[in-house]
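**Student:** If you're matching them up, the sequences are chains A and B in order.
Position 157 of the first sequence, counting from 1, maps to 433 under the working numbering, and the rest follow consecutively.
Position 161 of the second sequence, counting from 1, maps to 166 under the working numbering, and the rest follow consecutively.
Note that these hints are calculated values from the structure, not bench results.
Check the hints yourself; a few may be wrong.
[To be verified] Straight-line C-alpha distance at most 30 Å; calculated DSSO-like pairs for lysine-lysine: (1) Lys338/A x Lys323/B; (2) Lys352/A x Lys375/A; (3) Lys449/B x Lys326/A; (4) Lys120/B x Lys323/B; (5) Lys560/A x Lys467/B.
[As the list claims (entries may be wrong)] A few chain B residues that face chain A, going by a derived Cβ cut-off under 7 Å, partial list only: (6) Leu92; (7) Met122; (8) Ile125; (9) Asn129; (10) Gly291; (11) Glu292; (12) Ala297; (13) Gln299; (14) Ser341; (15) Ser433; (16) Glu434; (17) Tyr448.
[Unchecked claim] Negatives, chain A to chain B, calculated, CB over 12 Å: (18) Leu342; (19) Pro359; (20) Pro430; (21) Gly515.
Ideal Cβ positions, reconstructed from N, Cα and C, are used throughout, including at glycine.
Here is what each chain is made of, one letter per residue.
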Amino acid sequence: MRLSAAKKRSRMGYIYILPWLLGLLIFQLYPLIASFAYSFTEYRVTGSPKFIGLSNYLTILKNDDLFWQSLAVTFKYVLMAVPLKIIFALFVAIILSQKLRGINWYRTAYYIPSIFGGSVAVSILWRFLFMEDGLVNRILAQLNIPSVPWLSSPHVALLTLVFLSVWQFGSSMVLFLAALKQVPEDLYEAARIDGASRRHIFWHITLPMISPILSFNVLMQMINGFQDFTGSFVITGGGPLHSTYMIALKLYNDAFAHFKMGYASALSWILFLIIFLITAVFFKFTSAAVYYEDGGNRK
Amino acid sequence: MNKRNRISMAVSALLITGLLSACNAGGSNTTAQTIAPAQSSATEGGSSEAATSLDTQVSMAETADNSTPVTLRFMWWGGDSRHEATLSAIDTYTAAHPNVTIEAEYQAMDGYQQKLMTQISGGNQADIIQLDYVWFPDLARQGDLFLDLKAQSNIDLSGYSESFLADYCSINGTLISLPMGTNGFGLIMNKAFFEKHSLDPSQTFTWDSLIETAEKVNAEDSGDYLMSIESSSLTGMIFEPYILSNYGYYWLTDDSSAVRLTEEQLTETFTYMQKLFSTPGIQPLGEASLFASQMEQNPIWANNQLGFTIDWSGTLGKYSSVIGEDNLVVGKPPVSEGGQELIPTKPSMVISVSQLTSAPEVATDFINWMLTDNQAVEILGTQRSVPTNTNALAHLQEIGAVSEPMSQMVQQSMDQPAPAPPALAANSEVSEIVSNLLEEVAYKSVTPSDAAQQFIESVNSKIQELQS
Numbered sequence: 277m278r279l280s281a282a283k284k285r286s287r288m289g290y291i292y293i294l295p296w297l298l299g300l301l302i303f304q305l306y307p308l309i310a311s312f313a314y315s316f317t318e319y320r321v322t323g324s325p326k327f328i329g330l331s332n333y334l335t336i337l338k339n340d341d342l343f344w345q346s347l348a349v350t351f352k353y354v355l356m357a358v359p360l361k362i363i364f365a366l367f368v369a370i371i372l373s374q375k376l377r378g379i380n381w382y383r384t385a386y387y388i389p390s391i392f393g394g395s396v397a398v399s400i401l402w403r404f405l406f407m408e409d410g411l412v413n414r415i416l417a418q419l420n421i422p423s424v425p426w427l428s429s430p431h432v433a434l435l436t437l438v439f440l441s442v443w444q445f446g447s448s449m450v451l452f453l454a455a456l457k458q459v460p461e462d463l464y465e466a467a468r469i470d471g472a473s474r475r476h477i478f479w480h481i482t483l484p485m486i487s488p489i490l491s492f493n494v495l496m497q498m499i500n501g502f503q504d505f506t507g508s509f510v511i512t513g514g515g516p517l518h519s520t521y522m523i524a525l526k527l528y529n530d531a532f533a534h535f536k537m538g539y540a541s542a543l544s545w546i547l548f549l550i551i552f553l554i555t556a557v558f559f560k561f562t563s564a565a566v567y568y569e570d571g572g573n574r575k
Numbered sequence: 006m007n008k009r010n011r012i013s014m015a016v017s018a019l020l021i022t023g024l025l026s027a028c029n030a031g032g033s034n035t036t037a038q039t040i041a042p043a044q045s046s047a048t049e050g051g052s053s054e055a056a057t058s059l060d061t062q063v064s065m066a067e068t069a070d071n072s073t074p075v076t077l078r079f080m081w082w083g084g085d086s087r088h089e090a091t092l093s094a095i096d097t098y099t100a101a102h103p104n105v106t107i108e109a110e111y112q113a114m115d116g117y118q119q120k121l122m123t124q125i126s127g128g129n130q131a132d133i134i135q136l137d138y139v140w141f142p143d144l145a146r147q148g149d150l151f152l153d154l155k156a157q158s159n160i161d162l163s164g165y166s167e168s169f170l171a172d173y174c175s176i177n178g179t180l181i182s183l184p185m186g187t188n189g190f191g192l193i194m195n196k197a198f199f200e201k202h203s204l205d206p207s208q209t210f211t212w213d214s215l216i217e218t219a220e221k222v223n224a225e226d227s228g229d230y231l232m233s234i235e236s237s238s239l240t241g242m243i244f245e246p247y248i249l250s251n252y253g254y255y256w257l258t259d260d261s262s263a264v265r266l267t268e269e270q271l272t273e274t275f276t277y278m279q280k281l282f283s284t285p286g287i288q289p290l291g292e293a294s295l296f297a298s299q300m301e302q303n304p305i306w307a308n309n310q311l312g313f314t315i316d317w318s319g320t321l322g323k324y325s326s327v328i329g330e331d332n333l334v335v336g337k338p339p340v341s342e343g344g345q346e347l348i349p350t351k352p353s354m355v356i357s358v359s360q361l362t363s364a365p366e367v368a369t370d371f372i373n374w375m376l377t378d379n380q381a382v383e384i385l386g387t388q389r390s391v392p393t394n395t396n397a398l399a400h401l402q403e404i405g406a407v408s409e410p411m412s413q414m415v416q417q418s419m420d421q422p423a424p425a426p427p428a429l430a431a432n433s434e435v436s437e438i439v440s441n442l443l444e445e446v447a448y449k450s451v452t453p454s455d456a457a458q459q460f461i462e463s464v465n466s467k468i469q470e471l472q473s
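Here chain A stands alone, though its shape is the one from the complex (with noise of 0.2 Å):
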């Protein structure tokens, strides 16, 4: 049978594209489905599912107090982390974006933390760091500052994880630079003949010429910072009195502790629906105030 020139094109376009096919297909869409489906069930890894509806649903919203301290917390590490990450991203940007001498140098080396923050050497560096008798304390006594509890107190604990999150800067940082770069010349010039300060040409040039990436930073940061879980892993194992317990741990436990698959299964889609409703809401409420040199997709 001869196909025609079309059928053919379009057959080896498939042929094309069928590793990555594959790959969504093994490696995400089928264990997207599965663990949909494995959270309606009770599954122990060593027996099979058994089919018992929403009770694990219920469970986690009802008799689950680990599940809402776990939430809490969550919520406030994102609270604190993204807008301190973002902030310390941006003001490391506008000084990277400066004409200096070996500037290449140091925008790499402000970008290292971020290639390698997310890894379990460094957060157990960062134990060491941190413990009582730490480098960081260490400098503290010799400023004179009495040490912090830095990791061993449930109310400083938090801010500890928050702080190796922040450090991690550098994607963000390297996407405001690219951002900063595309703003036209001409119109922070126009702005100085205007006499435009400073502080005006940022916030009615820059941030508004920066926001879309601005916003694509903020979602992005907060998409990772709920799903955080190597810093609460390594370092503090949620403790102290689960003041560090992030839900991503949480979901870790129950697949991996208790092995009861289907409740961390339906605890993982919970915290999926959480991000989805928090991203639309972002959406909503960002997309007046992002300006797209195009339009954005407003009609």
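Chain A is fixed; fit chain B onto it per the hints.
**Tutor:** Coordinates of chain B only, in the frame set by chain A:
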């Protein structure tokens, strides 16, 4: 099709094959590894089961010593020194049995149970598996995962205590594992610290003298702590020993049906724990907890600023590697005044043979050899604490391969052994409830009497949920 197109076709085809074979690796592995490698023997082509049944027919007595190739997978966890010793034992065994290949799958403890559970659910677990006995209740739900070792002619059970096998190595009366070592329990002490504060390391602390001594030590040097315990160890290292020494039993009933302690007993225990963790010479819990299950990395241990921690004898190696063997002494856990001294013991780890193995005779012959043969016993030494098998232990002691602290710790546990803990005490969900409550008690975020009430309520309701 032009040339460039053809090349990219070839490249993407290659990618696909790569991807497919990668996906398949998990599945094909098991068959490739459990079935003997292709050989020109009579049984070739048939399944390995055919090969084994032939084995059995040909020579019952010398199963492992015949020419049919057998490949087995052996999975364990440990540190480097245990890996090296185990690998060398495998080499010795396979050198004597050239038809046997044993594929070693080893890793650290971290993630081992997770890996094992997923393998079991996929049916591709190893043939020979090292286990922790506390996983048995979880594994028992699965039906028969492991061979009944009493039914195996290769296994010599004469060197084990019958009650130990029944308490720690069986599920519902079926012997599914053999103990690889016995863990003793007690204080692991820093000699230099005890000398500095002129304390006698051979004394047995009472729960009250523990607090008094801690205060004294801290008054002498505010950077020094008599004891450090992290929050995930509160149950096993403080709560259970305290209850055992005061009441002579565990906090659960023997059949795991309910909390055995009364509200008054729990309140008293929690009151003591709050007092203990607000004593200046006990390292604050928050600080200690940064070193969950790696207390040897706690800087105060390395700097001789910590008197002792409480742990199992199987962990002695990591503690002595930090402060030096000569600087380490061991002792009995604290007792209550006038109470009874019962010291916990347990198998350091146990070993089982999967029901799915293609060559049960070879697998059982190998584990029996590891645990009883003098050569194997010498190679493995005390890498899994001292051998539980009495003949193996006697041999190791004869050649002087058991360190003094290790001997002492296991001996003190064997002399006054606590009864085996009720099955559900080790259940991950029950112990999470207990451990969370104990942490709240130690941080004083709940009063002892409220905690006692919560303890009984939440543990009992979790038990009902698990048994329904």
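**Student:** For each hint, tell me whether it holds in the structure or not.
**Tutor:** Evaluation of the provided hints:
no.: 1; hint: Lys338/A x Lys323/B; in the structure: violated (44 Å)
no.: 2; hint: Lys352/A x Lys375/A; in the structure: violated (38 Å)
no.: 3; hint: Lys449/B x Lys326/A; in the structure: violated (41 Å)
no.: 4; hint: Lys120/B x Lys323/B; in the structure: holds (24 Å)
no.: 5; hint: Lys560/A x Lys467/B; in the structure: violated (43 Å)
no.: 6; hint: Leu92; in the structure: violated (26 Å)
no.: 7; hint: Met122; in the structure: holds (5 Å)
no.: 8; hint: Ile125; in the structure: holds (5 Å)
no.: 9; hint: Asn129; in the structure: violated (13 Å)
no.: 10; hint: Gly291; in the structure: holds (3 Å)
no.: 11; hint: Glu292; in the structure: holds (5 Å)
no.: 12; hint: Ala297; in the structure: holds (6 Å)
no.: 13; hint: Gln299; in the structure: violated (10 Å)
no.: 14; hint: Ser341; in the structure: violated (28 Å)
no.: 15; hint: Ser433; in the structure: holds (5 Å)
no.: 16; hint: Glu434; in the structure: holds (5 Å)
no.: 17; hint: Tyr448; in the structure: holds (5 Å)
no.: 18; hint: Leu342; in the structure: violated (8 Å)
no.: 19; hint: Pro359; in the structure: holds (27 Å)
no.: 20; hint: Pro430; in the structure: violated (7 Å)
no.: 21; hint: Gly515; in the structure: violated (6 Å)
Checked against the numbered hints given earlier, the structure breaks hints 1, 2, 3, 5, 6, 9, 13, 14, 18, 20 and 21 and satisfies all the rest.
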